[in-house]
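Residue numbering for the sequence shown is 20 to 294, as defined by the working numbering.
Possibly wrong hints are sitting among the right ones.
Claimed, not checked - For lysine-lysine, the following DSS-like pairs were computed, each having C-alpha atoms within a straight-line distance of at most 27 angstroms:
#1 K99 - K142
#2 K196 - K289
#3 K42 - K98
Derived by calculation from the structure, the hints in this document are not laboratory data.
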Amino acid sequence: MEPYGADDEESAAVLRTIGKILKACRERKGWTQAELGAAIGYSEEQVSSVERGRRAPSAKFLDAADRVLNAGGLLAGLKKDVEEARYPKKVRDLAKLEGEAVEICAYDNSVVNGLLQTEEYLKAVFGSRRPAFSEEEVERLVAARLARQGILDGNGMIPAFNFVHDEAALRRPVGGKMVLRRQLEQLLQIGQMRNVEIQVLPMASEENAGLDGPFHLLRLKEGATVGHSDIQLVSRLISDRREIQILELRYGIIRAQALTPRESLAYIEKLLGET
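Let the sequences and hints guide you as you build the complete structure.
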């Protein structure tokens, strides 16, 4: 099992502190880890992992522990701290920017964009990574991605979205044929939302300005634009104006090379029928 916060010492420190508080409450009651686990429906190993700061406890875990240990709200009150610490810093930073965006544009050529992925597709994507993630790491990454998806139809100001996918990303049977079918069905459903446009760049197209790989553009409320690139071992936010101009130019060309949103939904229906 990989330690939580290996890429973010601040998050790791928060989880270790929460673990120490839980341990102090447990020992004050005179219980073992096994006894606490049995009382709240978790294994001894899970309790141990939380106390060592290697596992982020769920809200349900904290509420139950607070109740049986008579912690008076001390443990239950840590839920917000856990929520902020449980995801990698790069995910939190990206989610914060997405929450400030009025428009989000994305080009993907390998897999379906993360904001549009079904849970089973997500698990298949993270499960295929090598070196392999631990089960806990997969759970954490899936939860983080699902939490980000709330921006599509969340409360408050909802951004405008444009997603362009290379056809190859929509044909690759990540997780198997049935997982892909359900993923295509979800794309068709999301594509009906008034604030979302989904476009497909067919493989038959001789031109593709996005051959260098996937990227995002986030246009923020105050007028600035930020880019995001996540390729192999490098995940970076881009704010340099010259680089942003290049990405904006490329994205405009990619959109022009792709099918229109209406044509794209019909194309996805065709792909679904072939799957």
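query: Taken at face value, is the distance from the CA of K98 to the CA of K42 at most 27 angstroms?
result: 16 angstroms, holds
field: K196 paired with K289 [C-alpha distance capped at 27 angstroms]
entry: Holds, at roughly 15 angstroms.
- prompt: Straight-line Cα separation of K99 and K142 no greater than 27 angstroms?
  reply: Roughly 25 angstroms between the alpha carbons, so the hint for K99 and K142 holds.
No hint from the list above goes unmet by this structure.
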